[in-house]
Amino acid sequence: MTRHQKEIIIKNVFFVFSLISIFILGLIVVFLFREGIPVSREVSLRDFLFGMEWYPTYTPPSYGIWPLIVGSLIVTAFSSLIAIPLGVLAAIYISEIAPPAIKEVLKSIIELLAGLPSVVLGFFGMVIIAPWLQETFDLPTGLNIVNASVILAVMAVPTISSISEDALYAVPSEFKEASYALGATKFETIARIIVPAALSGISTAVILGMARAIGETMVVLMVAGGAAAIPESIFDSVRPMPASIAAEMGEAPFRSGHYHALFATGIVLFLMTLAFNLVADYISQKFKEVGSATL
Amino acid sequence: MERFFRVLVCGLLCLLVAAPAALAGGNVVIKGSTTVLPIAQAASEAYMKSHKDVNISLSGGGSGDGIKALIDKSTDIANSSREMKKQETDLAKSKGVNPMAHVVAIDAIVPIVNPKNKVKNLSTDQLSQIYQGKITNWKEVGGENLAIVVISRDSSSGTYESWGHLVLNGAKVTPKAQLQASNGAIVQAISKNRYAIGYIGIGYINKSVKAVTVGGVQALAKTALSKEYPVARPLYMYTNGAPKGDTEGFIKFLLSKKGQEIVKKEGFVPIK
Amino acid sequence: MTKQTMSGTMKWRYIKQQLFFGVVRLSALILTIALGSLIFYIVINGFRVISWDFLTLAPTDSMTKGGIMPAILGTLYLTLGAISVALPLGVVAAIYLTEYARQGKIVRAIRIGVNCLAGVPSVVFGLFGLGFFVVFLKFGSSILAGALTLGILILPTIIGAAEEALKGVPQTFREASLALGVSKWLTIWKIVLPSALPGILTGSILGIGRAAGETAPIMFTAAAFFTPRLPQSVFDEVMALPYHVYVLATAGTHIEQTRPIQYGTVLVLVALVLGIDLIAIVIRSYMRRKKRW
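Residue numbers (this note's numbering), protein chains in the order written: chain A, 69 to 363; chain B, 89 to 360; chain C, 2 to 294.
Sample of chain B residues lacking proximity to chain C, with all beta carbon distances greater than 12 Å (derived):
(1) V185
(2) D213
(3) K222
(4) G258
(5) A259
(6) L313
For lysine-lysine, the following DSS-like pairs were computed, each having C-alpha atoms within a straight-line distance of at most 25 Å:
(7) K244(A) - K12(C)
(8) K354(A) - K168(C)
(9) K17(C) - K171(A)
(10) K168(C) - K74(A)
(11) K254(A) - K12(C)
(12) K295(B) - K66(C)
(13) K332(B) - K139(C)
(14) K191(C) - K79(A)
(15) K74(A) - K191(C)
(16) K106(C) - K79(A)
(17) K17(C) - K244(A)
(18) K66(C) - K137(B)
(19) K168(C) - K79(A)
These are computed hints drawn from the structure, not numbers from a lab. Quick caveat, the model's predicted, so the values are computed rather than measured. Don't be surprised by glycine CBs; every beta carbon is placed ideally from N, CA and C.
One chain only, chain A, in its complex shape (with noise of 0.2 Å):
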């Protein structure tokens, strides 16, 4: 075999390898559908997602998840809420104004928030902060929105604050420059200037942040509460997605309603959070900051 061959060869088996990622992501829509679709035999689309009953072991079942997915829409918008101010501030300082010996720290810091596991930051939602909201609010449950919304805010700032920082360290000194030389304040600067040049990148940040609070399953299963049912005050217990997914697994007999149902499900999260995904990658491509040799 000549050497020319043998480079073909591996280049060839090196792309089948990298087509990998899509393959499993392939397999897992193919499967995710394969055993979602089924529980239109049960309930029509219309009821399955806007329907308000999740009562799936009862006969007859009712397969409604819109408690669901309101629980999870209001404890992402929630989590988003503290952790995208923090986030980007935290960004901000990282990269403007600290000095680089705390930049460090705290870089490392972010780094080992965003490596904490999320049992146990449930953990610590669940056996801490619920006794102590309880009490303090006298609630009858320290399981709720509330707690939910700020352990998840914890496991976005790391996503929101690495990212936002790289957009921001992305923007070409001469426009900072160009600003001091105007007389502007560095907070000036930082406010009129840097942030909105690294305006697409922040953006990604942030919405990349809030696909990580939805999809985020050990967290809401420990300490959301568990209701499913439209919350009337933030103080409520809900019952995001991959709560009621990751809790009722074990029990849906193989391919049965119930079973079904729950992929069913999987399928909307795993759409929404693509969603997410998309617009993301879209935003960092379509806005993408040219270099400032083009100034």
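Model the placement of chains B and C on the given structure of chain A, informed by the hints.
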């Protein structure tokens, strides 16, 4: 450098696949009810002590989990705190599984409240209405003016099914009910919450919660066996057909005098 | 403009800046306090339980006494299995993407695929693992199924890290090698890959940390509540640290009594994961300083 890595990875893979035991021992997989779990766990520990070559792998998850695993042939024994439903037995038979029930203990499901709660007795009807969300304040049943927080199990639980069957008569639990994953979790939640009501297997009662009598009858071994206490039920272990080998050994052990003593020690009611 | 107006406006702009900086510093502080208090609580409550016995014995007396050794071992097996799947696949894919592929539609599709795989929720991986490895391929609930599921979970992390590492190798290295007549593959194998190895190593270590801490993917593919003896084959179930915390805290038989053990397990898990991450961070900054190019 790469050679080192290659050797390391190969070595670790070998360790992964071949290492742990030269012993060929028996292997028994048990899954299912969290109510039966303490019995199964204590019995497993005792059995493994006297049969050193048997490895028992125990999981909880709820009666539904266990039954599903039996149907999917991924467990030897399914712990269940309820009878298998007709659709489950049909599904099992269609997959070539023939479930055989072994009653290993008697259980009473006891409604519990926080020790600070003044209510001492509730009728089955009151319990049913509370769980359906129709009675929402403790003062309606003789307690203080406080909202009732309903705590229940999620749908994989046999305790949940039995409660629904014996107390609610098939009515739906209010969607506002807080759901906990196990008897233990309910105990924990009730002990910290003076508004709450929950239900657990009798073996889980401890000092941190207060048991409520049902229709004037206290949940005891005596009243459960005599059926005077209305919310009593058998606890099952299901196997696929007649159990063989180590599975048979384990079930026989549990049904023996020693096994039933373990049942008693865990707070449940032995079958005799 | 009079001197008065100038300094007045300047003062106001300065005040705005100080307010902003204050808020920014506050958020950094909040994050530090969050991590600090988390670690504080875990250490304070878990410390008492840690002992040589705790780390080397199996649980006894319905988990209220004894140790967590089977869980530590189970986590070890699952993690090693995961990385031995993800590392070769990921590095090969990264090599193709950086060294061989022409920038075009296919490469873009592959990258989108990797990014989307990275965004898949862990419970969906669990569902997939259950449907595919456990049932369809009939592996059953086993180390094999769990390790494979974890492996595809960390695959995007490995691919990303490997790509970064490969991109960081200066083009001049490759050019010099090719100029000397070395074939492309040999260039990669002998020159590029060794230079990228520290970065790949760091990425792998972070992937290991991630795999060790995940619960949802192993809940239905590998983990058991109580199996105190060592697994005898890859088709056995195992205990695992994250799952152990979860079951003891929610589904256990003696939740309040085992609370100290829960804290202890959390401490061991956090120490393991953070330790792994710290090693990766240290290696990375060491490599950055030592770079000779």
